[in-house]
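Novice: So the sequences go chain by chain: A and B.
For the first sequence, the tail end lands on 315 under my numbering, and the numbers increase by one without skipping.
For the second sequence, the tail end lands on 824 under my numbering, and the numbers increase by one without skipping.
Treat each hint with caution, since some may be false.
Here are the simulated DMTMM-like pairs of lysine to aspartate or glutamate, each with C-alpha atoms no more than 20 Å apart in a straight line [claimed, not checked]:
1. B/Lys500 to B/Asp524
2. B/Lys580 to B/Glu478
3. B/Lys503 to B/Glu474
4. B/Lys363 to A/Glu14
5. B/Lys736 to A/Glu14
6. B/Lys599 to B/Asp612
7. B/Lys363 to A/Asp27
8. B/Lys736 to B/Glu673
9. B/Lys500 to B/Glu478
10. B/Lys736 to A/Asp288
11. B/Lys363 to B/Glu382
12. B/Lys740 to B/Asp765
13. B/Lys674 to B/Asp777
14. B/Lys655 to B/Glu593
15. B/Lys736 to A/Glu108
Computed list of chain A residues with no C-beta within reach of chain B, every gap over 10 Å [what the hints assert, rightly or not]:
16. Ala45
17. Thr62
18. Ala72
19. Ala83
20. Asp103
21. Tyr136
22. Ala140
23. Ile187
24. Ser199
25. Gln220
26. Asp233
27. Ser240
28. Arg242
29. Asp243
30. Asp288
31. Gly290
Quick partial rundown of chain A residues pointing at chain B, CB under 8 Å, derived from the structure [claimed, not checked]:
32. Glu14
33. Ile57
34. Gly60
35. Asp70
36. Gly127
37. Pro134
38. Val138
39. Ile145
40. Gly147
None of these hints come from the bench; they were simulated from the model.
Every residue gets a Cβ at the ideal spot worked out from N, C-alpha and C, and that includes glycine.
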Amino acid sequence: MTKRERDHVSGTETTGHEWDGLRELDTPLPRWWLHVFYATIAIAIVYWILMPAWPIGNGYTKGVLGWSDRANVARDLQALEAGRAAMFQRFATATAADIANDPALQEFARAAGESVFGDNCRTCHGAGGAGAPGYPVLADDVWIWGGSIADIEHTLRVGIRSDHPQARMSAMPAFGRDRLLTSQEIGDVTEFVISISSANARLNADANAASRGATVYAQQCALCHGGAGAGDRTLGAPSLRDDVWLYGASRDEIRRQVELGRGGVMPAWEQRFDAGTLRALAYYVHDLGGGEPDATPPQASPAEAAPVQQSALR
Amino acid sequence: MDPSALAPAPDNAEDAHAIDAEAVNAKARRQLYAKRQAIHPKLAHGPFRTLKWEAMIVLLAIYYITPWLRWDRGVGRPDQAVLVDFEGRRFYFFFIELWPQEVYYITGLLVLAALGIFLSSALFGRVWCGYACPQTVWTDLYIHVERLIEGDRNARLRLANAPFSRRKIGKKVAKHAAWLIIAAATGGAWVFYFADAPSLLHDLFTGAAAPSAYLFVGVLTFTTYVLAGTMREQVCTYMCPWPRIQAAMIDKDALSVTYRRDRGEPRGSHKRGQSWELRGDCIDCRQCIAVCPQGIDIRDGDQLECINCALCIDACDDVMAKVDRPKGLIAYDSYANIARRLEGEKHTRYRLIRPRTVLYGVLMAIVAAIMIYGLATRHSLDINVIRDRSPPFVRLADGSLRNDYALKLMNKSDRPRRVAISVEGLDGAHLQAARLDAQGRAIATAEADSVTTVRVHVVAPNRVPEGSNRLRFSISDLETGETAESASAFLAGGSL
């Protein structure tokens, strides 16, 4: 039992606790503070009645106001999609010229495209289309299947080596793994490829090997990549003249690609995005910096005629 | 002058001018924790009271009238002279229009205000507290209203001690209603600074104003009513940091409202005709206490509670005139003077020009000069460069390197401007953009009174050194030739 006593200086009772001769005053709470405290209790009770508050079993008290965060989010999303639908529709039917002349449309496409790109494409192609070994850089001006908005949009729609019936297909033979060429021949053709590319400046192709490789190249590679290595976009055969290498730029990595003939898969997005979203995405990729002018206005496609079914921003 | 000619015939000849006033906050009575005791200040008359009325009228007029001043800025722009437009992110002040990134002008104003309050404190003590502080002005106004409804000090004291009656309740209700109206008008005027005043006034009364407007009117109504009506001197004593800072600001030469104890002591009541020999001039009439809104006794000396409103000077001068003694027993004076006089010196010396006051003045002049220079040479065109960070650079088919940038073109004028963008400082670099002119400059339109984003690419040959290289973007108005520039970097990865 503690002894309560009155402090003679302040006239306040002490709590009776004592530490090393120090005693604690039992100063009452200020009245206003106490009132605020009671008010918060009252407010809490009102809150329990109005708002979702207590867990019961596997549910909770719903509150008389019917507030639900889940419903709010759904409603907000719906409103957002409704607000954007008109713009996506407009975009789906816009020609390249329409887009070029309409800054509002461009800004919308850039923003929408960036958002969709971030959610769906960035994992492989990197933020801003930075690319990674095996995943082409989208920000540069080197295109395997074409860099106009129409070309990009088509690639997006059907994919590459995807399960889409119209998928863009190309296959580089695995000259080493499948023993189509000897190791010596692969080395020679690698030197030749380096010698016709801008990489020659830094890799210094062996002239003798390259001249032997020229014959192999003419027999095995020129059909797709072209006699001078310019590549062929209709076949998806990359140009070998520049210094941009999908699977790595070192001598060993170039050789390895001749041996393995690797080819990545890009999914077809036609089923997943509506036409407006596809167009916005194509515009965004085109706008990253290396886009090429459209030869002809983009063709009408089944995807464009289809009604807007879902938004990619969901 | 014969004091009896002015003074009312006293009932008690011994205490000719005395009043029954207790300084509720006198030093001897102060406790660490005490319930507030109501203070009923008596109306003072004199030059300082007049000065306070004038200051109150001018300050309240500035506060209430400013949002209603108009200033023509052209079609489609706000025509309110002083407007803080949060939605449009602009601050309008007559001919000045500030953008959010120019908030340093506000910083400059705050520095000026701080120095100004230092300077005024070093010269005249707490003149800010006494005349200009909103707490003082509104409390003064509230006390005035209280006086109009309930009468002066004695009547208010009687009313406070009277039992509840219909008359007392009526007066209290009238007073609080008047206070609330003033409080609502105070909060109401505040929100006019943040929106077009005439349309907001209409909206406020039709219920169409934004909820935040009502919220702020409500909050300020509450704070005005509570702070000026019920808390008053407690705000200065318990809530305000200034009385504490004051101790560091006042030196021995600073003027402040001072009881000249060298002249007043020993104090004591004085009968007419009695000699003034061997005694001080203070007749202990307590008029200084009666008029004090802070409930203190100025004769206790300089104290934290004193806001230097100088009403005690008016009260005391009145009494000094009546007892035929010189005015100024309480006056603006310094510690140094009191010390000097206590040592027998006669003359009062005022040292307003001292190193610190000169320093404050010079600092204020410098800050003001910098601000005026900044405003006078302020550009209406500016550029900010944001470099894309992914990819850090792009290698192109021909071996050259590309970096991508978002340019923010800030056009602070009220018309769209065509600008040419060029890049400098990096050998061989050239721009790539939607529209280029013959010199390779990108042509863009900076929209009126806004920030326009333009994306450009810079292509540089492969020989650019590895790492970060400096380069500069500059824009020039194709019509006026006004230019602005901003530095950025060009990243290169070197050889593969």
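Novice: Test the statement that A/Ala45 is away from the interface with chain B: the closest C-beta pair must be farther apart than 10 Å.
Specialist: Fine: 22 Å to the nearest Cβ keeps A/Ala45 off the interface.
Novice: Does A/Ser240 sit more than 10 Å from chain B, CB to CB?
Specialist: Since the minimum Cβ distance to chain B is about 7 Å, A/Ser240 lies within 10 Å and the statement is violated.
Novice: Does the alpha-carbon distance linking B/Lys503 and B/Glu474 stay inside the 20 Å limit?
Specialist: OK: B/Lys503 and B/Glu474 at ~6 Å, within 20 Å.
Novice: Classify the label on A/Ser199 as holds or violated, using whether its beta-carbon is more than 10 Å from each beta-carbon of chain B.
Specialist: 5 Å, violated
Novice: Since A/Asp288 was said not to touch the interface, does its Cβ keep a gap of more than 10 Å from each Cβ of chain B?
Specialist: 8 Å, violated
Novice: Going by Cβ atoms, does A/Ala83 stay more than 10 Å from chain B at every point?
Specialist: Check passes; 24 Å lies beyond 10 Å.
Novice: Minimum C-beta separation from A/Ala72 to chain B exceeding 10 Å: can you confirm that?
Specialist: The claim stands: A/Ala72 keeps its Cβ more than 10 Å from every Cβ of chain B (closest is about 22 Å).
Novice: Assess, step by step, whether the Cα of B/Lys363 is no farther than 20 Å from the Cα of A/Asp27, and give holds or violated.
Specialist: 18 Å, holds
Novice: Evaluate the condition: distance from the CB of A/Arg242 to the nearest CB of chain B exceeds 10 Å.
Specialist: 8 Å, violated
Novice: Could you check that no beta carbon of chain B comes within 10 Å of the beta carbon of A/Asp103?
Specialist: 13 Å, holds
Novice: Hint check: is the beta carbon of A/Gly60 less than 8 Å from a beta carbon of chain B?
Specialist: 33 Å, violated
Novice: Does the interface hint hold: is A/Ile145 within less than 8 Å of chain B, judged Cβ to Cβ?
Specialist: 12 Å, violated
Checked against the numbered hints given earlier, the structure breaks hints 1, 2, 5, 8, 11, 12, 13, 22, 24, 27, 28, 29, 30, 31, 32, 33, 34, 35, 37, 39 and 40 and satisfies all the rest.
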